[in-house]
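Start from the sequences and build out the full structure, keeping to the hints where you can.
2 protein chains.
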Amino acid sequence: MSAAIDLANDNVRSGAGGPFGAVVVLNGEIIARAGNRVTVDNDPTAHAEVIAIREACKKLGTFQLEDCEIYCSCEPCPMCLGAIYWARPARVFFAADRHDAANAEFDDSFIYEELNLDNENRSIPMKQFMRNEALIVFDHWKDSNLKIPY
Amino acid sequence: MSAAIDLANDNVRSGAGGPFGAVVVLNGEIIARAGNRVTVDNDPTAHAEVIAIREACKKLGTFQLEDCEIYCSCEPCPMCLGAIYWARPARVFFAADRHDAANAEFDDSFIYEELNLDNENRSIPMKQFMRNEALIVFDHWKDSNLKIPY
Chain A
7 MSAAIDLAND NVRSGAGGPF GAVVVLNGEI IARAGNRVTV DNDPTAHAEV IAIREACKKL
67 GTFQLEDCEI YCSCEPCPMC LGAIYWARPA RVFFAADRHD AANAEFDDSF IYEELNLDNE
127 NRSIPMKQFM RNEALIVFDH WKDSNLKIPY
Chain B
7 MSAAIDLAND NVRSGAGGPF GAVVVLNGEI IARAGNRVTV DNDPTAHAEV IAIREACKKL
67 GTFQLEDCEI YCSCEPCPMC LGAIYWARPA RVFFAADRHD AANAEFDDSF IYEELNLDNE
127 NRSIPMKQFM RNEALIVFDH WKDSNLKIPY
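Protein chains in written order, with our numbering: chain A, 7 to 156; chain B, 7 to 156.
Keep in mind that the hints were calculated from the coordinates and are not lab data. Predicted, not measured: the structure shown is a model, and the values here were computed from it. Glycine included, every Cβ here is placed at the ideal spot set by N, Cα and C. Take these hints with a grain of salt, some might be off.
[What the hints assert, rightly or not] Covered, in the sense of this in silico footprint (three residues per stretch, anywhere, with C-beta under 8 angstroms from a C-beta of chain A), are these stretches of chain B: (1) 33-41; (2) 75-87; (3) 129-136.
Right, dumping it as structure tokens:
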């Protein structure tokens with residue numbers, strides 16, 4: 007966790023991005039580390055956790071981090087928590103939490119609240135249409151011999 | 007939306023990844039398009055929406071998609087919805103929904119449920135520690151002259 011917090015601190019000092027860091031650990035060894043790079047990379051998805059997960063997967067040649075632990079300097083936002091669920095690590099640790107992030111003017115807590123609203127009540131309007139056309143794709147997927155489930 | 011569904015279909019046909027597609031539209035024109043690439047890229051974050059958002063931001067040289075619309079062949083999962091909130095587009099449209107994805111054996115609906123559980127009740131255990139050490143980073147952030155809010 008100290009390494010994750012150090013990455014967050016380095017980020018603030020260098021101006022490379024937001025005050026967040028994350029590391030992925032396998033068998034007691036750090037296999038990937040990242041600070042937030044949203045503003046420097048012009049990439050709203052470049053949160054520390056997302057970058058660290060991507061790098062760990064690249065290193066291990068897999069899209070699953072089953073035996074890994076992820077240490078985050080702050081509680082993962084919904085995007086990062088979603089990424090964590092898709093990567094399926096063994097455990098996650100975090101230091102600061104979503105309310106601390108909100109105090110530093112980050113949207114983490116706000117986004118958690120928005121996710122539980124109906125589509126029409128969200129600050130970004132969301133609308134469903136063409137469901138029937140899209141369902142055909144899932145039928146093709148179910149019948150596909152090429153599919154790799156994840 | 008047809009373009010997003012076509013991308014999903016192309017993905018199933020080619021075996022490049024899951025049955026999902028997304029496009030980003032600005033002023034009535036598609037500026038980024040992507041299919042899911044999780045398995046082919048060994049990247050659990052390579053959902054269609056995430057890739058399309060990253061490409062649109064790269065093209066526009068910004069980390070915000072304020073005037074854009076995002077069309078998704080399926081309701082965004084929590085990771086992608088989080089990415090959408092960080093990118094802040096004007097509107098989002100989707101075709102199939104999280105329950106349709108669950109019927110095709112994807113975890114979208116499951117992850118939405120997990121997000122609302124307490125840390126200790128989640129299928130991936132999560133634990134907080136070293137909060138005080140991490141709070142110091144937020145203090146540095148607040149005092150920083152280099153920071154770019156996002």
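If you test the structure against every hint from before, which numbers come out violated? 1
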